[in-house]
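Enquirer: Next come the chains, spelled out residue by residue.
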Amino acid sequence: MMSDRIRGLLIAWAVSIGAVVTALLASLVVVALAGSSPAEAAQALFDGAFGSTNRTAAMLAKAVPLTLAALGWVLAFSARRINVGLEGQILAGGAVAATIGLLVGGVPAALHLPLLVLGGIAGGALWAGIAAWLWVKRDVNEIIATLLLNLIMVQAVSWLVSGPLEEPTHTLGQTEPIAATARWPVLIPGTVLHWDLLLVPLLAVGLSFFLRGTTAGFRLRATGANPAFAAYSGIRTARVSALALVASGGIAGLAGASLIGATPQANMADNFSANYGFEGIVVALLARNSPLGCIPAAFLFASLKQGGGLLEARAGVPSGLVLVTQGLVIILVAGAGYLFERRRTRRVTAKAPSQPLPSEAPASDPTR
Amino acid sequence: MAPLDTAWLAMTVVLAVPILLAAGGELVSQRSGVMNVGLEGMMLFGAFFGFFTVERTGSTWLGLLAGVAAGTALAVVMALLAVTLRADQIVVGVGINLLAAGVTIFLNRQLYLDAGQVTVDRMARLPIPLLADLPLVGPVLFDQSPVVYLCYAIVPVTAWALYRRRWGLAVRGSGELPEAVETAGINVNRVRWGAVLIAGGLAGLGGAFLSVAQVGLFIEGMTGGRGFLALAAVVFGKWHPRGMVLACLLFGGADALQLRLQNAETIPPVVWLAAVAVAVVFLVLRLRRGGARAGWVLGVVAAAFAAPLVLGISLSLPAQLWLALPYILSLAALAGLVGRARVPSALAEPFDRRAL
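As given, the protein sequences belong to chains A and B, one line each in that order. Per numbering that gives the first Met the number 0, the very first residue in the first sequence carries number 0; after that it's consecutive. Per numbering that gives the first Met the number 0, the very first residue in the second sequence carries number 0; after that it's consecutive.
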């Protein structure tokens, strides 16, 4: 059993790394076809992410919301709820955080920053809570609901930054910087890296422990693996799934608070979520829904995102290439899942005619 | 009737057509059980390659064809992964959106950015003789681009095929109870392949309509969420063609109104009156079908809209509310406020014939 698991993990890593390498190579071929030098492009991509302390710090800062969004996806997905609304939940959390940062004044930082963080979590959780409520009470498909909620939140933020929360000149379409007391302190002076980086290991390890080491986590995984059986064994599956969705939104909201309170400009502008919500899904996919795996996957994607900036400036290659690479990674990983699933189903059915387990089945070993 | 005139109606049709094309394909795809979130990317692909082809060949029709081909090409990727390889449909859709955004940005900057904004001649309008001279109906429906007329044909034919043909039965069955369809000797995954390809082709055509017929240029991200609007229209229309068409017209009309009122400080009373009228019509329809609770909810909404009018206040509504309204309405429709919506049972679930 154990060796099986290790083998599965090794294959999973091989697939993920293979997908990334293939996508990168394909992108470099595109660069060559476009008449630029692939070597120069690769060098620019690398330098953009690791060329100086500043750039590496910026890369790490980008990894924070990416990891958090990915962890949000993993949490909901463990209960087999598809949360496509991370983007909207990031926006919702950020909007609440920005409001707290702007309107609450005269509080010490020891209180203001926690308020900002909690506000972010609450905003994201609330926005996901609408979808959870609709799913439980009205049987509304959560995929469609979260997708629609994204689009509503985009407009809500656009209204906030060009209306009630706009800076006094009413020309820039963004808010003023939030109060200094509400901001995350800088981790490395002179760079854009803030202390919220700590959230990455904290939450990844925390979520990993929660899912594998607690009763609540077991209930969650059981609900995801086989809702009928979970319900039969006394788990209130609807409640568990709804809470998973809400908590998932909370983590995304936390990412939103970081995008407001842990950036040099420390304000809110249109689309400040910058696609992190969707890229988080890619990261989680690459990590095969393992919370700890999300960390390296997020760093990889953050390097791509950060390196893409220099790609355009130095090598003259449009930064759209980074999006192409990301899209290719998703498609390759999603496609490779097939090989995997097939092998596993065959093995399971060979042992006992039980329920076919979904890939990376959380309840593969309920006896632990 | 300052803002609600013939020009507004004509604009409504123009703005509804790309959404309608994409939504028509998405309807087929979703009824077959495949949720195609990559619609936005397919439209974007159609918009870029449509424009590119017109710019190179000078032929608008070739451009539209290229748009269809580009959308279909992405749909092949979608079907291969989500149908044949049974990957998660949502994840693949997200991937396709990223890929399409990336490819179009890359090519646009590589090909056009140094040259400044490249434009092509927009597709000319083609007034239909006699019909175009009709009062009101003429300028609104029959003095449009040929693609609009194409859309008049495509949507009813799709609806007819979906409900009156064996193929349509297979499509709807694949989305409801794929096991039964497979047992009847029809290959579910082949049906789904077809449905996904149709969705891609129509989305590509919708995208090409934007760049080739409507504006004559390509802008990065020019689809501006229309793919998601089309998704919302399918949901708001409760997975039925008639509802979907109404939803698209409603979205198009709201969009056209928003464009016209962009510079106005307040919403004119006529608009309020129209909004109340629409709400009342819905209300009456609902009450007649006996949905009392939903009727009350709509009554309150109508009253809320009517109140400022009665009180003589000209309220200023943010444009963002208009833009978010389609999605809010869709969510309300899903939640059962406007009648019960029935989602295809097997939506977003890959089908494995070996598991039968």
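Incorrect hints may have been included.
Covered by chain A, according to a simulated footprint, are these stretches of chain B (three or more residues, beta-carbon under 8 Å) [unchecked claim]:
no., stretch
1, 45–52
2, 84–91
3, 172–185
4, 325–333
Source of the hints: derived by calculation from the structure; they are not laboratory data. Idealized CB from N, CA, C, for every residue including glycine.
Enquirer: If a hint holds in the structure, say so; if it doesn't, say that too.
Expert: Okay, the hints, checked on the actual structure:
no.: 1; hint: 45–52; result: violated (count 0)
no.: 2; hint: 84–91; result: holds (count 7)
no.: 3; hint: 172–185; result: violated (count 0)
no.: 4; hint: 325–333; result: holds (count 5)
Checked against the numbered hints above, the structure violates hints 1 and 3; every other hint is satisfied.
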